[in-house]
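J.: Chains as they are written, first to last, in full-length UniProt numbering: chain A, 1 to 275; chain B, 1 to 275; chain C, 1 to 275; chain D, 1 to 275.
Please keep in mind that the hints were generated in silico from the structure rather than gathered at the bench.
Just so you know, these numbers come straight off a predicted model, no measurement behind them.
Even for Gly, the Cβ is constructed at its ideal location relative to N, Cα and C.
None of the hints are false.
If we take Cβ atoms under 7 Å as the criterion, some of the chain B residues that face chain C in the derived model are:
1) Met1
2) Leu3
3) Arg21
4) Thr22
5) Ser25
6) Val46
Number of protein chains: 4
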Amino acid sequence: MDLWYTEKQTDDFGITAKVKRTLQSEKTDFQQLDMLETKEWGNMLVLDGMVMTTEKDDFVYHEMISHVPLFTHPNPKKVLVVGGGDGGVIREVLKHPSVEKAVLVEIDGKVIEASKQHLPSIAGELTNPRVEVKVDDGFMHIAKSEAEYDVIMVDSTEPVGPAVNLFTKGFYAGIAKALKEDGIFVAQSDNPWFKADLIKQVHQDVLEIFPITKLYTANIPTYPSGLWTFTLGSKQHDPLKVGQDRFHQIETSYYTQALHQACFALPKFVEDLTK
Amino acid sequence: MDLWYTEKQTDDFGITAKVKRTLQSEKTDFQQLDMLETKEWGNMLVLDGMVMTTEKDDFVYHEMISHVPLFTHPNPKKVLVVGGGDGGVIREVLKHPSVEKAVLVEIDGKVIEASKQHLPSIAGELTNPRVEVKVDDGFMHIAKSEAEYDVIMVDSTEPVGPAVNLFTKGFYAGIAKALKEDGIFVAQSDNPWFKADLIKQVHQDVLEIFPITKLYTANIPTYPSGLWTFTLGSKQHDPLKVGQDRFHQIETSYYTQALHQACFALPKFVEDLTK
Amino acid sequence: MDLWYTEKQTDDFGITAKVKRTLQSEKTDFQQLDMLETKEWGNMLVLDGMVMTTEKDDFVYHEMISHVPLFTHPNPKKVLVVGGGDGGVIREVLKHPSVEKAVLVEIDGKVIEASKQHLPSIAGELTNPRVEVKVDDGFMHIAKSEAEYDVIMVDSTEPVGPAVNLFTKGFYAGIAKALKEDGIFVAQSDNPWFKADLIKQVHQDVLEIFPITKLYTANIPTYPSGLWTFTLGSKQHDPLKVGQDRFHQIETSYYTQALHQACFALPKFVEDLTK
Amino acid sequence: MDLWYTEKQTDDFGITAKVKRTLQSEKTDFQQLDMLETKEWGNMLVLDGMVMTTEKDDFVYHEMISHVPLFTHPNPKKVLVVGGGDGGVIREVLKHPSVEKAVLVEIDGKVIEASKQHLPSIAGELTNPRVEVKVDDGFMHIAKSEAEYDVIMVDSTEPVGPAVNLFTKGFYAGIAKALKEDGIFVAQSDNPWFKADLIKQVHQDVLEIFPITKLYTANIPTYPSGLWTFTLGSKQHDPLKVGQDRFHQIETSYYTQALHQACFALPKFVEDLTK
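Let's have the full structure, built from the sequences with the hints guiding it.
T.: Structure follows, in structure tokens:
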């Protein structure tokens, strides 16, 4: 049977993936949630019509949003993940033995449930005792936190729907307050081919708040254009000046110590967005 | 009007692009050639149903296949491009003032004509006096050449149809013979998500012939998975040991001096293909 | 190359046809005009994203909108076609030797030109000396005509864009005025699966003006649902009471004398729309 | 979420329908069975990638394959349905009070189960005491029957896969034997736009066995071309010579007494297939 999921990543371009069956399909309080069994990518989580993660390529995003800040920080103990209900960031965070507590604040409890059921390889660590899962508004959680976290990752959807507040300068200011004095923050900041203006804006906004602001990239085949960016804001630690001895062996499929540096070497047209 | 071009990059996954009109569509002696005016990517050259290049993202591929070997070589004078009838590699090669002669050997003259007509920003330098264009079989041209070229780029289609010979060890041996004693060669070697075995094979084959064999990557949004690889074989010069003074300013949109190094830092699962 | 034209006939359903090339694609003063070379249907005229006619199945629509009223009228001499710039209705009208003059009033001259160039088997009779082609607003032409025509066919697009006036009671009243005292009129009135309300409305409106109002159907595979309706309004002559001797042999591929009766036997759910 | 089911009805043409979710998807012993919840057509049964029936338009096929032969026969008591596991033909058969027993022989029990679960408005009468359901090979059941049935309907899939034997002259001969001396048989015989040769062959084969052989049509929007044919073979009773008093009131959405005649008036190009 010819059943295909198509995501129009722009009005005029998209990806299309063969679907064996839908595993879940519901309107939650916050968004349309669909879980698809695809032939190419395994199970795929789709929110409001956009691919969030898949069993086959989730490792890229989750490793790169996690290990870059976690190895930049000399001793991350308390970590916050805003969004990220699929549990992939949490899984990577726990690979760092220094982390004593990882808090996940996801606004949509249905995303967590669906991921536990249909994406076990991604969500498997959500029940780890070092993890605290809160179904709550990340924006409000940040507003109430002060000098609490070493590292914060913002693993949000696009700046539409429930995530719209997570792309504002006020939010970044809140994050700065919620971080300890040498804290580090990373947010996914979309792709430079179709969303150059967004990257530019996020970079400008973060730069006004964090002395060290840097953009880095990773290849995610199911995300628009395949070239994804992350914006990192740091109060003290420079990701490009991490001592060799800071790194320790963790099991990864994408991240390497060499890539930790190399991912900050931007294509010229992306670099230009940060100037 | 809803007119969409879809490339199934695998049996179960693909890209889809809105088309305003077809500019050309013919069966040449070698392949099906289609030139599409797309809304997202501008004019797009499609051979045997696969995207070859587009006006909007051509710069990535053409810069990265060219400048990495050309800056690795201390003084490239004579350069050969096998395939590449769209002229994009030639355009980049000519940015290097040391190059006295660039030879293009494209088997399908129709590709050259179509590119000149519909992709002027890509094919514009094919008439440059430093360029010699031959409509000929690249495999045969290589077989007849000896110690002639400083740098050879293999800008071929997938290893099906006319390009099948260009992915054989015999061809790489021929290239080694056609190169001068400190010559360098680069071939596009597809993507690691869907064609891991091909990358592995090419790397093994080239490694048996060239003492310095390295894989590097670039993000090309209209190519399968968005993550493209290039395999570089070099007789003497190591691309990672290029002196700072070797670089000179050229106008690029993707390539930078920093990326020249960084593009060799591979994602772990890609690095594993080279071991 | 996988190039497909898709017409979403509703928000949730459509047809899709493989395209070899676009033959023409332009924004006219009135609409978007595309001429496609399809593999299944031959050349296909698309206006504002909707299939108007194709070389392979045009005969159904053009025969059925023409021969039913023309055989119902005892002696049609002067015939008007409103719309129908592709010339298909004209071709069928001229098969009736009684017709001395067939006037075509098409608002968009580009449709006529494109059809002459790319649909010769349909548009071929537009240059027949019995035909008068006017590039003009059909609504205005009707408004200026009085007791002039024996038969009028309204071969319009959907009631959006340039054709919106052609689905109003005022227009039907104008047609009654433009017809002679025993004149007959037919309008295409869309399909009962997706546009039941439209059929109902047209039938009601025509019925208030024409004593004999009847709906009939034909199967057109490239039109929404495949089941097309025509609304016929007649001042005196009943299409179901045509004498056997009225019919004469004409060459057709769809219309037959038996179908002239049978096409008025409606599926129950369609019949219900006329009550 | 953009999830669409596409049926390529030919290599170059098809329909496409938006899907909310898959309700069932499994490989049975005989075929791939998919049950889709579509937005336009309600639940849709798909076998081996082809639409079998939908909640919205099932009435056309099921009424027309049933009531035409059942009203042609003066007193049908025992009826056989070969295939038809969705139960739609049975539902219509039971509207005839003369029918004492309706036997359904469906080779794939999974089709029956899936229809009971997901197509209750179609399959609802399968548990009626007048109905006997056998999960068995229709070809073998026919071979073992002799002078047993008044009316037989062959409600099969396309002549590929499990249904291939149901389009052979040997099968029609078996049906003749299984029917009583004034029995009537109907088989769906595909569409004249894409399968003209099949219609021609079936008509020829049935004509050699049944003195009265006639083709009739109905509009089914989810079937290829929208114009479907049925081939009727009768030993004595002519469907066009049914007395007015034979008809009685039944509830239908498509079939009417007038259509009983009119559906045999074929488009010229379809009529030509019967000569």
